[in-house]
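Asker: Each chain, letter by letter, is given below.
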Amino acid sequence: MTTIRATAEPVLTGIPRETPPPPRRRRTHSSDQPRRSKLLTIIMIVTLLYFLLPLWWLVVASTKSNADLFTSFGLWFSGTNSLWANIQDVFTTQDGVYLLWLRNSLVYAITSAVGAAFLATMAGYAFAKYRFRGGNLVFSGILGAIMIPTTALTIPTYLLFANAGLTNTPWAVILPSLVSPFGVYLMRVYAADAVDDTLIEAARVDGAGELRIFFTVGLRLLVPGMVTVLLFALVSTWNNYFLPLIMLNSPDLYPLTVGLAQWQALAAGGSGSRALFSTIITGAFISIIPLVIAFLFLQRYWQSGLASGSVKG
Amino acid sequence: MTTADLRAPEKPTVLRRGPSRLRRRESAAAWVLITPFVVLFLLFLVVPIVYSGYLSLFREQLVGGNTFVGLENYTRALTDPSFLSGVARMALFLLIQVPVMLGLSLVFALLLDAGVLYLQKVVRLGIFIPYAVPSVIAALMWGYLYGPDFGPFAQLADKLGTSAPPFLSADWMLFSLMNIVSWEFIGYNMIILYAALRSVPRELFDAAAVDGAGTVRTAWSIKIPAIRPAILLTVIFSVIGSFQLFNEPSILRNLAPNVIGIDYTPNLYAYNLAFINRDSNYAAAIAFILGIVIMVVSYTVQLSAQRKERAAR
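Those sequence lines, one after another, are chains A and B.
Sequential numbering from 1 applies to the first sequence in UniProt numbering.
Sequential numbering from 1 applies to the second sequence in UniProt numbering.
The hints are simulated quantities; they were obtained by calculation from the structure and are not laboratory data.
The beta-carbon is built from N, C-alpha and C at its ideal position, and this holds for glycine as well.
There may be inaccurate statements among the hints.
As the list claims (entries may be wrong) - Covered stretches of chain A (chain B as the covering partner; in silico rule of three or more C-beta atoms under 8 Å from a C-beta of chain B):
| hint | segment |
| --- | --- |
| 1 | 84-92 |
| 2 | 210-220 |
| 3 | 261-268 |
What the hints assert, rightly or not - Pulled a few chain A residues facing chain B out of the computed Cβ check, cut under 10 Å:
| hint | residue |
| --- | --- |
| 4 | LEU99 |
| 5 | ARG131 |
| 6 | ARG204 |
With the sequences and hints as input, model every part of the structure.
Answerer: Now the structure itself:
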């Protein structure tokens, strides 16, 4: 299982984890000698199976040929390893369109996430550090928008884009993903603490302009919060299905989610396409690897980011 | 909003003219920083809302083009059994799935916070990892797991000489969907709640421990009330998510087209209206009503929580 291997590795090789050890941070309280329970641990490990077995199945199934899927037990390997053949199938089916989908997913997700994080950081910093006419009103509007169901907005956005001739272009997926009201809220909360007012004051005394202060002093201190927003924007764009499904017509522009869903529909629908099962499963397995790795390596950021977002609300 | 208390205390002004010039400079800088976000916010959030409101008041006719029909689309929606049954189905989904999911998330978060488990980190990551799997991929994977062809449930049942539950049948489908959504989001909500628990001052718990309160008592009467805002946040996000359900049913629809009709969820219905029936005016009205339903429900949740909190004081 990817998860367990990745978390166990540093222990095995003796490489220290990049995250600071938790005991020093907060575990200095009464549970220094926690009454750990073997029974509860066993119950939790069994519970863990619910979360990890489906992924285990995905890993196992991607090593099987289409015939083996039907003849061997799902949760264990069959005699022959077809992983390599499956991977080749994934990247050659329909002239290698999967590679295009992978590239599109990366381009859409990275562009949107970097853009969204940067916009949210600028706005969040301004709301936290400046008092200005209309500021409260605008911020209330943004805060209220967190509640707006984005999917309900997608169809009207499509109709607008269709009028502007923007549908079936990468912009149709990227532009709406740049707006993250929750990101602004998160960065505002974060900036209020992370950037000390006296630092801004000192920079002003030195004669720096406000924007220069933001780019030289503020931005550097805001990086951890920004990475959190970036990570969540990355996930939501990488996972997005409804928006690209509506906006895009040509398979060459699809992200992975839309492309794989199309293959799945094809396999479910037609008798001749049955051979696609192992290809789809392997394609699905490959598609989740980047995010799982991102989450494992950036633990510090998503955990602290979620904390600041939820606590002070 | 919370602007006032986040600002540094009013600085005593030494020079009267200085601060006002500073204020103007600050104000200009703030607007420069928020303008990029605000422009996109208006373009891709506010304008689509207004536009869909506008569209929903018209009807496309074969003869005469677009005609203003007032609230006709709305009265049509409110008497449309397809739309109403979809909303009712999502309300049922919400009433069962959200409490189960958040209840489990809360229990896991409390267990992790109490430090009663061995292998804490493995448990935490293992439960969270499904969040990194796109919902389309999760639905696709679970669809195969549920399936009668090579799903492990069917294989196991076959070995035992019985048959697996018909997960993809009309009676089971809603629960099968609930399971997929819970699998994806229990970990995410757990991390939000866990992060909130970690930031509660430890002295509070120590005092309780000194008073002889057990772990369960402390959890119930101190920890849970302390993280009420975070719990509320997860409830509201879950409410918004449930009503917008689209990805999972649209993927499972490929496997069970007779069970999941085009009107299974309101979003699926709106999508079909807009892209199959080409009735974008009516689809806009549906999207608009759905948005209003979601806002009303989430504000009701928020208000009732606030009232309860006030009553508890």
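Asker: It remains to establish, for every hint, whether it holds in the given structure.
Answerer: Quick rundown of the hints versus the structure:
1. 84-92: violated (count 0)
2. 210-220: holds (count 3)
3. 261-268: Our answer is that it holds, as 4 residues pass the Cβ test (under 8 Å) against chain B, meeting three.
4. LEU99: 17 Å, violated
5. ARG131: Since chain B brings a Cβ to about 6 Å from ARG131(A), closer than 10 Å, the hint holds.
6. ARG204: 8 Å, holds
In summary, the structure is inconsistent with hints 1 and 4 from the numbered list given earlier, while agreeing with the others.
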